[in-house]
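2 protein chains.
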Amino acid sequence: MSDYPSILLENAVRQVGSLPGVGKKTALRLVLHLLRQPKHDVDTFAESLTKLKNEVRYCRICHNISDQDVCPICASHHRDKQTICVVENVQDVMSIENTGQYSGVYHVLGGIISPMDGIGPKDIEIDSLVARIEPEDIQEVILALPTTMEGDTTNFYIYRRLQALGRDGLRISQIARGVAVGNELEYTDEITLGRSILNRVEFKG
Amino acid sequence: MSDYPSILLENAVRQVGSLPGVGKKTALRLVLHLLRQPKHDVDTFAESLTKLKNEVRYCRICHNISDQDVCPICASHHRDKQTICVVENVQDVMSIENTGQYSGVYHVLGGIISPMDGIGPKDIEIDSLVARIEPEDIQEVILALPTTMEGDTTNFYIYRRLQALGRDGLRISQIARGVAVGNELEYTDEITLGRSILNRVEFKG
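If you read the protein sequences in the order shown, they are chains A and B.
Just add 229 to wherever you are in the first sequence, counting from 1, and you've got the working numbering.
Just add 229 to wherever you are in the second sequence, counting from 1, and you've got the working numbering.
Next up, chain A with everything else stripped away, as it sits in the complex (with noise of 0.2 Å):
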């Protein structure tokens, strides 16, 4: 006999189990949680996330997700088109835009360079991105992907293709990478407080 009373049961807590960084108990949990809500509301549930797989859309110029042709940052008459901001995904975005900080627009990759992954340049969204810039007049490409082995791995390839277009007057720069602000220098790890003192900026006082 199964471990669950009902295969309708075990059924619900694989498939939520199949998320990531949620466990069987979890699952048991949460599915016993939708049990007891009212079948409309598991229905509304259920049809939030098929409808978002099924009816999603993602920008044109950017490849953000959106729910028209073109995001609401591209289409923006308040944002600067010159200058484009390249992330990862979409969580990038968001994180960046509740910042405050920036008032360009972006470029989604839709994931990173990395050979242990299978994942190699024409599996994101790098041409596109060379395609926005070579006709257009843009200044300058922030690079703000991951600060790891494959994030620069993407940005040196980046770098490379831009550099290959020869536009002169192209601006291409990186978020900084430092100690973390509010952080202690002791508790910073090596590398990051080792870069931190050889990428050193001038004190503006």
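It is possible that part of the hints are untrue.
Note: identical chains are not told apart, hence a pair may lie in one copy or across any two.
[Claimed, not checked] Listed next, the in silico DSS-like pairs over lysine-lysine satisfying Cα-Cα at most 27 Å (straight line): (1) K268 with K253; (2) K268 with K280; (3) K310 with K351; (4) K268 with K433; (5) K351 with K268; (6) K433 with K351; (7) K433 with K253.
These are calculated hints, taken from the structure and not from any lab test.
Dock chain B against chain A, hints included.
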């Protein structure tokens, strides 16, 4: 403008974030994970939840979740039908089954008496428990409810109801409480430790 680049995304995140213990960031991560899965998988995921809600049944004897009119435990010829273990919910049945130490049947209350939450004796399956014991030749009722004030209240209420039946020879027991196996005394809470001294049992060397 909303935090989310898409209303569909926002709706899905709100739904997943309404689950207990799932925050907004986790919900976004889970939803974007689902969005990366094939359409068929997302449909299967959503369907497993609506199907469970729409088609689930409860055993008419013990009120455990079941696919049939009578659950596999109540239907089994290998279980001792004269011993009924009273538990709060479905998870408790699964936990006790996993111990492999119990061969009787269950009675799932579907909650415990909790005046703070407005749950009284009529809101849970107590009448059906009493009805089960009245005509049958049940030998023992094991109270396996949480060792909380609400659990104690429910234990006492059930005890009184069963006593009122005037059934001589009906044994009413409760699960043993004390220091958990493998625990150091110094890390055991004082109430548990104090009671485990008061309720000491004879040492069988």
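Comparing the hints with the structure gives:
| no. | hint | verdict |
| --- | --- | --- |
| 1 | K268 with K253 | both (24 Å within a copy, 23 Å between copies) |
| 2 | K268 with K280 | both (18 Å within a copy, 10 Å between copies) |
| 3 | K310 with K351 | within (25 Å within a copy, 65 Å between copies) |
| 4 | K268 with K433 | neither (61 Å within a copy, 53 Å between copies) |
| 5 | K351 with K268 | between (44 Å within a copy, 23 Å between copies) |
| 6 | K433 with K351 | neither (42 Å within a copy, 72 Å between copies) |
| 7 | K433 with K253 | neither (54 Å within a copy, 38 Å between copies) |
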